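Engineer: The lines below spell out each chain.
Number of protein chains: 2
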Amino acid sequence: MSSGFRTFNPRQNAWNKEVYIPTTPRELDTKFNLLSEAQSEFGRLAVTRRADFLQAIHRSLSKGKEQIKLFYLKESGLSSNRFETEWQRTLDTIEIFEQQLRDESFQKPISQTFPADSVSIQKVTFPIGPVLVLGSSNFPLAYSTAGGDTISALAAGCCVVVKAHPMHAGTSTIVASCIIEARKEMNLPEGTFTHVLDDGIELAQQLCSDERIQAVGFTGSFKGGKALMDIANARKNPIPVFAEMGSANPVIILEDFNLEKCTSTAEKLAHSICTDAGQFCTKPGILFIPKGEVGNSFTESLKSFVAKTEIVPMLHPDIHRNFEKRKSEVAAIPEVKFTSSSQEQKGIEGKWTIAETSLNNFLQYPTLHEEVFGPFSLIVTYRDAEELKKGISILSGQLTGSIFFEKQSDLMEECMQILTQKVGRIILNDVPTGVRVVEAMHHGGPFPASSDVRFTAVGPDSIFRFQKYVSIQQKNRT
Amino acid sequence: MSSGFRTFNPRQNAWNKEVYIPTTPRELDTKFNLLSEAQSEFGRLAVTRRADFLQAIHRSLSKGKEQIKLFYLKESGLSSNRFETEWQRTLDTIEIFEQQLRDESFQKPISQTFPADSVSIQKVTFPIGPVLVLGSSNFPLAYSTAGGDTISALAAGCCVVVKAHPMHAGTSTIVASCIIEARKEMNLPEGTFTHVLDDGIELAQQLCSDERIQAVGFTGSFKGGKALMDIANARKNPIPVFAEMGSANPVIILEDFNLEKCTSTAEKLAHSICTDAGQFCTKPGILFIPKGEVGNSFTESLKSFVAKTEIVPMLHPDIHRNFEKRKSEVAAIPEVKFTSSSQEQKGIEGKWTIAETSLNNFLQYPTLHEEVFGPFSLIVTYRDAEELKKGISILSGQLTGSIFFEKQSDLMEECMQILTQKVGRIILNDVPTGVRVVEAMHHGGPFPASSDVRFTAVGPDSIFRFQKYVSIQQKNRT
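Chains H and Z, in that order, give the protein sequences. Heads up, the first sequence is in the working numbering, so the first residue is 1 and it goes up one at a time. Heads up, the second sequence is in the working numbering, so the first residue is 1 and it goes up one at a time.
Read the hints as simulated data drawn from the structure, not as lab findings. Keep in mind it's a predicted model, so treat the numbers as computed, not measured. Please note that a few of the clues may not be correct.
One copy or two, either will do: identical chains are not told apart, so a pair holds if it fits within one copy or between any two.
What the hints assert, rightly or not - No farther apart than 30 Å at their CA atoms in a straight line, the calculated lysine-lysine pairs in the DSSO-like style are these: (1) Lys236 <-> Lys65; (2) Lys69 <-> Lys308; (3) Lys226 <-> Lys236; (4) Lys346 <-> Lys268; (5) Lys226 <-> Lys291.
Chain H extracted, bound-state conformation (with noise of 0.2 Å):
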C-alpha cells in the first residue's frame, strides 16, 4: 500500500495533481464492521423503497454531472461525446432496475398450497449479501462505481462495496459521494455503500476474501479475473465471482457478402475497432476474411477507412504499455503483416494496427488468438469453408461473435453452430460494439471471456447473479 496515489490525464500527458490516500486497515475495519447490521436492514427493505434509492441515486448523480464530467475527462483522456454516451447509458441502467422493481409482476415469490397435507410453500428471493465491485479501467462510470454490477446488486438488496479503480480515483470518489448522499436521503444504514480506495491489487484481494463478501462484480483483465476467482474458491465459504475478462470478439466474412456492401461495412468495423482507442471488451480482434475477390476488396477498403482515424489517447500508460507489449508479441510470429498509424506520438496515444496473416499460420500460435486491447485488429485470411470452421473452432470462450453473409447457407449454419458454443452473443451483419442495456442482451460468455457462462453483466437478468432463493413452508393449522 502506497502512501498516496495520483491519477494520470492522457491528454496532457501528464498526472493529475490531486492525491488519493489509499484506505487504511484500521478505516476497512471501522467500515466492514457496519456491513452485516446494514446487510440485515438493507435486505429486508420494501422493493418499493429499493426503486427509490436508486431513483435517489439517479437523482444526485445527475446533480454531479458537470463535476464528475470534469473528473472522468481528466482521468480517462476519453472525449467529451463519449462521456455523454456513458453517461446516458448509466442513468439508463439505473432507471431499468428502478422500473424493475416497480414492476409488481417482478420476483413475485412462487406460491403452491397442498390441501390434503394442510401445507403451503413459498419460494421467495432474497439477496445473496454484501458484493464487492471492482470497476474496469475503460468504463469510468457505466462499468464502474456506479455501474451495472453496483446498481444490479442494489436492486437486488445486497449491500455494496465498491474499490475504486485507480485509474479514476477521483471520479470515483466524486459518483461515490452522490451515491452516499443518496443513501442518507433515504435514512438507509452507512454500511448499504461502502466505497475504498488503493492503488494496487492486495485491497482488492483481502476485500475477496474477507468472509462478510458474498459475491464478486470484476470487469477487466484475464489475470486479475482469474486471480480473484481463484482467492474466491479458496475461501473457507467460497463465493461467485462475476468476471467480466476479455474478448478477441472474432468477425467472420462469408464469400457470398455482398461485394457492394464491403465497404459500408469496412467503414463500420474501421469505426469498431478505432473508437475510442478500441477500447472495448466487444472490439473486434480477429476478422476471418476469405481470400478471394470479396476479402481483398474488404480488406482494402477497412485499411482505407482506418488510415483516416486520427490516433487518441488510451487510459493509461499502464494500458498503453501493455498494448504496445501485445502487439510486439504479434509482430514476433513470422508471416505476420502489420500496418500501423504513422502518425506522430506525442503521448500515450494509441496507434491503430491491422496485422494480417493466413489462417494455416494463425492455427499454429496462440498467441494469435488472444485479445489485443487496443486499436488493434488481426485479418486471417482463409481459403475455404475447412479452413474457417478450424479457425473458428480454435478459438477459446468469447463474448461476442460476428458473422456477414448475404444468404443462408449450409456454412453460415455451421459457424452459428460452432459459435453457439465459443460465444455470449452472436451478431448477423452488424458490428459487436455498442452493447445494448436490455432484456434480450446477454453480455458474457465461456470462460474465459467470463467467469460464469450462465449469467448476464448487462441488462436487467444480471440481477439473477446477487440474489438467491429460500423456500418457506409451512404446515397450517387443521
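Guided by the hints, dock chain Z onto chain H, whose structure is given.
Structural biologist: The following block gives chain Z in isolation, referenced to the frame of chain H:
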C-alpha cells in the same frame, strides 16, 4: 482401480455375488470420443423430441421395474415400501420435466426489436454441454442414475455421463440400460447417455477434470463435493459443480409451543430422525429445545417414541463405520448425554441415538455443529432467547431449518431472519424430511450445505443449472 468389485447386501450382512468391472481407460476413451458429436446433435434436438425422450425413459424404466427393485433391495437394504416411494418420486420427476418441455411458454426466447436501427435481438437458451452425474449412496433411484440431476440435465439438452455409485452398481447398471434402450428407441446418438463404473474416487476425479465435461451434479459428503469443486476450479476452463453436501437441519422449538402438541410433534420428529436409519440429507440432526416444562415434555416424548423404533441396517458397512465414528466424536465431548437403542445388533444396523447437551456447551465444540449421518439427533437445551439466537447463528449453511411455535412473536421473526441467511428452506411447524418435487421447492442452501446457494437440486427450476444463454442479434436488411 480394482480388477472387479462387489456390492453389499445390508439385510443379509453379506457381499452380493455379482462382480462389477471398472470401466477401463480405453473404454472411457471410446465413450468420450462420442461426446462432442452427440452433444452437438442432442443439443439441437427439438424441445418436444427431448420430452419424447424423457417419456421413453419413463416407459423403459417402468418395464424394468421388477428387476430394478430386486437389485435396489439387495444393494441398499432399504425396505420395499421405501423402494415404492422412491420409485414413484423418480417417475414423477421425469414427468415433471417432460411436462415442462411440452409447455410452449417454457423457455420461449426473449425477443426485442429496435426498429429505429433495424436491429432485433433474441436471447435463446442452450444446453451448457455434457454433464457428469455422480449418484448418491442414499437415493439409489431418485438422486442417482435416472435421478433429478440426470433428468434435469437431459431436459436442458445436455448429454449425461453417469458414474454409478459403487454401493449400488447393479441397480445403476440396470437403470442405465433402460435409459440406453430409450435412447436407441429415439435414434439418439450413443454419446447422449454414458454409464461408467468404478469403485474408487479416481475415475470421478478424472471425469471432473476432463475438458469435455461442462458441469457436474453430485450428492454426497462434504469431502467428496469439495474435492470435486477444487478439481473443477483448477481446470483450464473451470466449470460449475452442483454439490449437495449434507446438513444438520436444525429444528427449533419455541417456548410458547403448545404443550399438548408436544407428543404428536415428538412422534413426527422421532419418525423423521429414525426412518430408513436416518439416512436423509434433511434428517433433523440438531434440536434446540427450551429448558422448562415444554422442553422436558417434548424431550421425554421424543425419547419414548424413538425407543419404540426397530433398528434397521444402514446402506453399507462404510456408512455404518462412519456413523459409529461420528457418534464417538460427539461422545468424546464433555457434558453430552447419550441415549441409544439397546436392541441387539446383528450386522450393520444403525442404532438410534439421542444426544443431549446444553446450549452453552454446544457453542464450545464445533464437532457438535456438524451432521451425523444416520439415526442420530442432538438435543440442545437453551435457557433464553439470547442463547437460542447464538446457537443458530453459529451454524454454517444448512439445507433446512424448522421452527415449531404457537404464535407469531419477535423471537419467532428473529429466528426466521437468521435462518434466511443460513438455510435454503424454512419449515414452520413441520419436519424437514419429505422434499416435495414442486416448483416452489428450493433444495439447496448456503455453503457447505450446497456449492451454489442460487440453485435448487430438486424441482423444475433445477434445469437452470445446466443451461446458458446466447443472444442472437441481427441487423435486418434495409
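Engineer: Hint by hint, note whether the structure agrees.
Structural biologist: Hint by hint, here is what the structure shows:
When the C-alpha separation of Lys236 and Lys65 is checked against a cutoff of 30 Å, the pair qualifies neither within a copy, at 42 Å, nor between copies, at 43 Å. When the C-alpha separation of Lys69 and Lys308 is checked against a cutoff of 30 Å, the pair qualifies only within one copy, where the shortest distance is 28 Å, while the shortest distance between copies is 76 Å. In this assembly of identical chains, Lys226 and Lys236 lie within 30 Å of each other by CA distance both inside one copy and across copies; the values are 18 Å within and 11 Å between. For the identical chains of this complex, Lys346 and Lys268 are intra-copy neighbours only, at 27 Å inside a copy versus 80 Å across copies, given an alpha-carbon limit of 30 Å.
Taking the shortest alpha-carbon separations for Lys226 and Lys291, neither the intra-copy value of 37 Å nor the inter-copy value of 51 Å comes in at or below 30 Å.
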